[in-house]
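Engineer: All chains should be modelled from the sequences, with the hints used to inform the complete structure.
The listed protein sequences correspond, in order, to chains G and C. Under this note's numbering, think of the first position of the first sequence as 68, with each following residue one higher. Under this note's numbering, think of the first position of the second sequence as 74, with each following residue one higher.
It is worth saying that the hints were derived from the structure and are not from the lab. Treat the hints with caution; some may be incorrect.
[What the hints assert, rightly or not] Label-pair distances were calculated between CB atoms; the ranges are:
{"id": "1", "chain 1": "G", "residue 1": "Lys151", "chain 2": "C", "residue 2": "Trp258", "range": "39 to 45 angstroms"}
{"id": "2", "chain 1": "G", "residue 1": "Phe71", "chain 2": "C", "residue 2": "Met396", "range": "49 to 55 angstroms"}
{"id": "3", "chain 1": "G", "residue 1": "Val183", "chain 2": "C", "residue 2": "Ser366", "range": "21 to 27 angstroms"}
{"id": "4", "chain 1": "G", "residue 1": "His239", "chain 2": "C", "residue 2": "Phe104", "range": "57 to 63 angstroms"}
{"id": "5", "chain 1": "C", "residue 1": "Pro206", "chain 2": "G", "residue 2": "Gly100", "range": "38 to 44 angstroms"}
{"id": "6", "chain 1": "G", "residue 1": "Val183", "chain 2": "C", "residue 2": "Leu255", "range": "43 to 49 angstroms"}
{"id": "7", "chain 1": "C", "residue 1": "Phe93", "chain 2": "G", "residue 2": "Leu304", "range": "57 to 63 angstroms"}
Note that CB positions come from ideal geometry on N, CA and C, so glycine has one too.
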Amino acid sequence: MQEFLQQLVTGIAAGGIFASLALALVLIYNAMGLVNFAQGEMAMLATFVAYALISRGMSYWIVFPVTLVLAFGGGIVIQRIVIKPVERAPILTLVIITLGLATLLNGLAGFVFGYVPRSFPSPFSAQSADILGVFVSYRDLGVIVVSGLVLLAVYLLLQRTTVGLTMRAAAHHPEASRLLGVQVSWMLALGWGLASAVGAVSGLMVAPILLLEPNMMQSIIIYAFAAAVLGGIESPLGAVVGGVIVGVTVNLAGAYLPFVGGDLQLAVGLAIIVAVLVIKPNGLFGRARVRRV
Amino acid sequence: MARLRTAPPRYWLVGVAFLFFLGFPTVISSFQTSLWTQALVLAIAIMGLNILVGYNGQLSLGHGAFMALGAYTSAILAHHYKLDYLITIPIAALLTGLVGFLFGIPSLRLSALYLALATFALAVVTPSIIKRPAALTGGVQGILVLQPDPPQFAQDVFAFITGTRMTSDQWIYYLSLFCALLLFWLAWNLVRHRPGRAMRAIRDGEVAAAASGVNIAGYKTLAFAISAFYAGTAGSLFGLATGFISPDTFPVSLSIQLLVGAVVGGLASIPGPLLGAIFAYFLPIESNQWVPSQDWIPDQIRSTVKNAGPAVSYGAVLILIMMFAPNGIVGLVNSGYSALNRRLRGAGDRETGQMPPDPQTV
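Structural biologist: Right, dumping it as structure tokens:
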């Protein structure tokens, strides 16, 4: 039982990481109906930037917000250069472009930083705390707290501020918002920036666990896809819940199902995606969309 | 004779290209021959992807997984059950086609976006799934594929024409060329007739197609099955051409390479996949040789070009082509050709407003 609870906490911590990246995917999906295949690679690049800053001797707690700001700016730049010219292109074109972006960023990181895995510092100690008889590592707790705070911040930004309201308006009714004086295109750019920053959190959280290298996010993005799809790709709350469910499921499956083990955990992610899409394509929190013909 | 003289220029082009591919391996080294074999094999897989993406509008990012299935089916049948490799190729192709058909059924309910997502996940997971049944697939070690000697009739014909002995590399090349020709010819016929029209109608407007009586579910799964059939054939031949397959032969970057080939050559075109395959296959190989020999390129780039080069160039090419030339090389050539034609024949007829006929009809 105790071991089960420990696995559960580790799963929730992993879920927090997946949830951040899934939330980034949801933000962009809501803004333009697109799944950003480059989200993971953008987070990976941000993490490399953080690594470069830390190795210059900066403190982790300064680097963390600086990286988020840089990731925010980077997201806006990418949206302006790569996405804006093709905003109205068919979805097929957009998906291929984000996939191209993912490949490009992956290669650029390889050029600049190489493929040798690097250890990334964690701000939390590797020791465990005893909570009601369950040994929980401070790292897991830290990841849960940081992810939770970030998700809360995004929620408050979107629901309780004017900027958030404008962003949501621009995403839902671009034409009406434009008539009311909202700069829709810049709101989309803001969405990309926000998504990029939120995604960067997942990169920063996962790097101490997985070691930092250009392909680090390749498995994480699959789990994030699973989380976003499970939550019903347009719901931010769904992304968070989905992330935790995926994290716990994958972790428990790896620990308790002998045929899964460590190496087929990723296949569990795929299985979740396929199962949700086949059984309930709208996910847990998504609404069935009525299509006008 | 008259028919020959009035044949459109693209028929001549096909003839020249065919003779080129036929004679090519007699003058290049064995190593080069095997590279071109792999490019041809890639062209087959890309043609499969092109039928699905270009003609039917369903985006698959996981065709590397279908190639893996074809390759492992053939290799396992040949290695464990001692079947003749030649016999295993159609078996692998049909099995992969069947799996593609089954895969196509749930994907009917999915939007293009979800399909892309699910197939991408499949491509990422494929290597770790292959590793699991290690007794069957050889696990991480992979399977060695014996490259067969050319059969007697092929040796005789080859010796009669060139006067030299046919190597097994050359035999595999001609085998792949034969398969590529057959499958390209089939694809050409497919897209010009009823199924092709139905597939394109679905791509351009599913509701309108359904209203016109097109069986949406049927043609979508058919496109998936055919596409997987091509990928399976390619996978099977790929194992033969490389002589060795392992889980790392089929990484997610293979699926991206296929997509690059389809996009660069030109979606929804018949020559596109061949041009795209040559581009996508030789770009990393050539740049791996060329870049490290250049002094003016920074050390950092020269030393990592083998790993990072393909990703950077593929990514940049995908973005640039989709932004500026969505119809790929074939589209560029076509628009260049019709611009030239217009220049030569003069602009549209001023009185009737009729433009000279468009040379591209397929």
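Engineer: If you check the beta carbons of Val183/G and Ser366/C, does the distance land in 21 to 27 angstroms?
Structural biologist: holds (24 angstroms)
Engineer: Does the Cβ distance between Val183/G and Leu255/C fall inside 43 to 49 angstroms?
Structural biologist: Roughly 46 angstroms apart at Cβ, these two residues keep to the hinted range, so it holds.
Engineer: Could one say that the CB atoms of Phe71/G and Met396/C fall in the range 49 to 55 angstroms?
Structural biologist: holds (51 angstroms)
Engineer: So the hint says 57 to 63 angstroms: do the beta-carbon atoms of His239/G and Phe104/C match that?
Structural biologist: holds (58 angstroms)
Engineer: Could one say that the CB atoms of Lys151/G and Trp258/C fall in the range 39 to 45 angstroms?
Structural biologist: holds (42 angstroms)
Engineer: Is the distance from the Cβ of Pro206/C to the Cβ of Gly100/G consistent with 38 to 44 angstroms?
Structural biologist: holds (39 angstroms)
Engineer: Evaluate the given range 57 to 63 angstroms for the C-beta pair formed by Phe93/C and Leu304/G.
Structural biologist: Once the Cβ atoms are compared, 60 angstroms apart, the range 57 to 63 angstroms for Leu304/G and Phe93/C holds.
Checked against the numbered hints given earlier, the structure satisfies every one of them.
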